[in-house]
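When you get a sec, could you build the whole thing from the sequences and use the hints?
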Amino acid sequence: MTVKRLRRTGYNIGYARVYHILKSNDMVTSSPAKSRQRKWVRYERLYSNAMWHADWHAMKDPRMKGMNLITYLYDASRCVTGAALFREATSKNAVIMLRQTISRFGVPATILSDNGSCFVGVRDRKKPKNSWMPTLFENELLSLNIILINSRPYHP
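Start counting the sequence shown at 1271; every next residue gets the next number (my numbering).
Please keep in mind that the hints were generated in silico from the structure rather than gathered at the bench.
There's no promise every hint is true.
As the list claims (entries may be wrong) - The calculated lysine-lysine pairs, modelled on PhoX-like cross-linking and capped at a C-alpha distance of 25 Å, are: (1) Lys1274 <-> Lys1293; (2) Lys1330 <-> Lys1362; (3) Lys1335 <-> Lys1362.
Being a predicted model, the structure only gives us computed values, none of them experimental.
Right, here's the structure in full:
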């Protein structure tokens, strides 16, 4: 109501700014229902090098047409620990960059990735229903005792 009145009189001000002013003058009270515990919390690993994020990105720049960028990010600081351009977003190329990154920063405890085919194996149709063919990337993580965590679709 207050924001609408201000806008009608020619003041262009956002809801957050009005709330901030009202709160700083003790004119509003906090609502516990609005500040409820989130279902997930970002970046709260206890140990350094506990988690890296891995993802492929198709380059949009016309000068890099057909190139794919793989990045490894350190979870706590969002620091890029490794990145490289490849023609194909494959499990083999993900392993190449992983090895280079590990040589510089050490072995992480876990890696979080999406469900891309280069990170996650597929079901073997010739075998029983729940048998999977792991990717080269999954095999590499297994040999290094790194736990792979897959995010849900469209969520970091």
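**Message:** Hinted pair, alpha-carbon criterion (25 Å max): Lys1335, Lys1362. Please report holds or violated.
**Reply:** 21 Å, holds
**Request:** Would you mind confirming whether the straight-line C-alpha gap from Lys1330 to Lys1362 stays at or under 25 Å?
**Result:** Roughly 22 Å between the alpha carbons, so the hint for Lys1330 and Lys1362 holds.
**Prompt:** Going straight from one Cα to the other, do Lys1274 and Lys1293 come out at no more than 25 Å?
**Reply:** Roughly 18 Å between the alpha carbons, so the hint for Lys1274 and Lys1293 holds.
This entry satisfies every hint, going by the numbered hints stated previously.
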